[in-house]
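Asker: Take a look at the letters that make up each chain.
Protein chains: 2
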Amino acid sequence: MEVHAADQYLLAEGERGLLEVYAALEGTGLFPPFPPVELPGGVGGLVERGGFAQTFFFPAEVLGVAFLTPGGLRVRAGGVVVKNVQGYDLVRPFVGSFGLLGRTLEAVFRLRPGRASAFLKRPWTGGFPPFHPLPRFLFRLWDELYAFHFGPEGEVARFREAFGGEEAGPLDLRPLFPRGMGVGEGPLEDLRFSWADGAPPPTVPPAFRRLVEALGG
Amino acid sequence: MEVHAADQYLLAEGERGLLEVYAALEGTGLFPPFPPVELPGGVGGLVERGGFAQTFFFPAEVLGVAFLTPGGLRVRAGGVVVKNVQGYDLVRPFVGSFGLLGRTLEAVFRLRPGRASAFLKRPWTGGFPPFHPLPRFLFRLWDELYAFHFGPEGEVARFREAFGGEEAGPLDLRPLFPRGMGVGEGPLEDLRFSWADGAPPPTVPPAFRRLVEALGG
Chain A
1 MEVHAADQYL LAEGERGLLE VYAALEGTGL FPPFPPVELP GGVGGLVERG
51 GFAQTFFFPA EVLGVAFLTP GGLRVRAGGV VVKNVQGYDL VRPFVGSFGL
101 LGRTLEAVFR LRPGRASAFL KRPWTGGFPP FHPLPRFLFR LWDELYAFHF
151 GPEGEVARFR EAFGGEEAGP LDLRPLFPRG MGVGEGPLED LRFSWADGAP
201 PPTVPPAFRR LVEALGG
Chain B
1 MEVHAADQYL LAEGERGLLE VYAALEGTGL FPPFPPVELP GGVGGLVERG
51 GFAQTFFFPA EVLGVAFLTP GGLRVRAGGV VVKNVQGYDL VRPFVGSFGL
101 LGRTLEAVFR LRPGRASAFL KRPWTGGFPP FHPLPRFLFR LWDELYAFHF
151 GPEGEVARFR EAFGGEEAGP LDLRPLFPRG MGVGEGPLED LRFSWADGAP
201 PPTVPPAFRR LVEALGG
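Chain order of the listed sequences is A and B. Position 51 of the first sequence, counting from 1, maps to 51 under the UniProt record's numbering, and the rest follow consecutively. Position 207 of the second sequence, counting from 1, maps to 207 under the UniProt record's numbering, and the rest follow consecutively.
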């Protein structure tokens, strides 16, 4: 793993844990584009599923990827400079491709600064309310709504006040998904999907299937 | 063209002009992800080149595209809901593919609200200074720096003060590019490229070439 604090990015191998990334960033005042929650497959699993719990456009936070296609081809896409990924973009189709384009070898995440952060939970009452300020991450786990936010001190204080609830700590959700994290009715839900153990990935559109075939062999 | 003001998106055919889009949005208080500048190829040309003058991540503002591949295949990707484009993403590789994946039939742009807007210019002194607030669009044309910003009234007023200069009006830059808008030393420059008449597109990485071949036939 490489933390480039001055340039606000981090390079992590696909097998790194998400909480390992948090540990590597401790004291830097920088945050990755995921909450302090351990999920199946670590960094690689997260990128292949298209992120977790974000309320922003996750793919834009992945500056680059290196991946191994099902046919054994190594592909390196994007880089550490945003400029590079605004044309001929193979990073974005890989993010959220649920492993169809291959397995993550490395990912480069944009880091964002926060002088404060807060991880809170409160009882789930159905639906994700439109908070102001909107926390960067929101998810339901069983019958509780969780939110994680970071940013300027005043903004995080306003988030605490708006959200209420009580403190949450880093979570390890891997035991919920012994057969893998798929899309279906389950104990975990974010703005994109409800996540269920051993459930399949979302249905693949035909045009995307062609892309898979192109990179697969 | 379809303006969906309540849902903050717009659908435009590829051949529509960029200033035509501005005209369609007049009075809505909503803005597209490009400045009031006419460029070669209108909406389609803009999407294929990956945007113009933006200081944000342009591909995320393109919610969907329909395109015709060089081999005559019609591909529809993404949609009007952000959720749909965060997995199996063929929108992002199309945006900025410089026509290699085909020609734009339709594009769906996210619209963003602004109670005020300002289009300003001032003499170019070399380089793009780090303005606060950062205007949404910045470009050099000949020996002048142009900036367009929209947003809350107070923020636009602060932009005016920080930028200085004088008022600019909508521009038609098509006469600068009778042979098409390519990447090279020229009279127009944004944060990504210097744009030159008749110049080639950026070099294509090998992995992206495979994607082109997959969708081309």
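In case anyone wonders, no lab produced these hints; they're calculated from the structure. Note that beta-carbon positions come from the ideal geometry of N, C-alpha and C, so glycine has one too. Hints may be right or wrong, so weigh each one.
Here are the computed distance ranges between Cβ atoms for each label pair [as the list claims (entries may be wrong)]: (1) A:Glu38 to B:Gly17: 34 to 42 Å; (2) A:His4 to B:Arg76: 21 to 29 Å; (3) B:Gly127 to A:Pro113: 18 to 26 Å; (4) B:Arg76 to A:Pro152: 52 to 60 Å; (5) B:Ala162 to A:Phe131: 26 to 34 Å; (6) A:Asp172 to B:Glu144: 28 to 36 Å; (7) B:Ala24 to A:Pro123: 24 to 32 Å; (8) B:Glu155 to A:Gly165: 28 to 36 Å; (9) B:Gln8 to A:Arg158: 18 to 26 Å; (10) A:Glu38 to B:Gly127: 21 to 29 Å; (11) B:Gly164 to A:Glu2: 22 to 30 Å.
The following residues of chain A were derived to be distant from chain B, with all beta-carbon distances above 10 Å [to be verified]: (12) Gly50; (13) Phe57; (14) Glu106; (15) Ala162; (16) Glu189; (17) Glu213.
Asker: If you check the beta carbons of glutamate 38 of chain A and glycine 17 of chain B, does the distance land in 34 to 42 Å?
Answerer: Between glutamate 38 of chain A and glycine 17 of chain B, where Cβ atoms are some 50 Å apart, the hint is violated.
Asker: Take a quick look at glutamate 213 of chain A and tell me if its Cβ sits farther than 10 Å from every Cβ on chain B, holds or violated.
Answerer: violated, 6 Å
Asker: Taking 10 Å as the cut and beta carbons as the points, is glutamate 106 of chain A off the interface with chain B?
Answerer: For glutamate 106 of chain A, whose nearest Cβ neighbour in chain B is about 15 Å away, the distance exceeds 10 Å, so it holds.
Asker: Go ahead and decide if the range 28 to 36 Å is satisfied by the Cβ distance of glutamate 155 of chain B to glycine 165 of chain A.
Answerer: holds, 31 Å
Asker: Looking at alanine 162 of chain A again, its CB stays over 10 Å from all of chain B?
Answerer: It holds; alanine 162 of chain A is separated from chain B by about 20 Å at its closest Cβ, greater than 10 Å.
Asker: Does the no-contact call for phenylalanine 57 of chain A survive, Cβ to all of chain B over 10 Å?
Answerer: Phenylalanine 57 of chain A is in fact no farther than 10 Å from some Cβ atom of chain B, at 4 Å.
Asker: Given a hint of 22 to 30 Å, does the C-beta separation of glycine 164 of chain B and glutamate 2 of chain A actually sit inside it?
Answerer: With a Cβ separation near 41 Å, glycine 164 of chain B and glutamate 2 of chain A fall outside 22 to 30 Å, so the hint is violated.
Asker: Take the C-beta atom of glycine 127 of chain B and the C-beta atom of proline 113 of chain A, compute their distance, and say whether it sits inside 18 to 26 Å.
Answerer: holds, 24 Å
Asker: Evaluate the given range 24 to 32 Å for the C-beta pair formed by alanine 24 of chain B and proline 123 of chain A.
Answerer: violated, 45 Å
Asker: Using the C-beta atoms of alanine 162 of chain B and phenylalanine 131 of chain A, is the stated range 26 to 34 Å upheld?
Answerer: holds, 30 Å
Asker: Is the distance from the Cβ of arginine 76 of chain B to the Cβ of proline 152 of chain A consistent with 52 to 60 Å?
Answerer: violated, 41 Å
Asker: Note whether the CB distance of histidine 4 of chain A and arginine 76 of chain B lies within 21 to 29 Å or breaks it.
Answerer: violated, 38 Å
When the structure is compared with the earlier hints, violations turn up for hints 1, 2, 4, 6, 7, 10, 11, 12, 13 and 17 and for no others.
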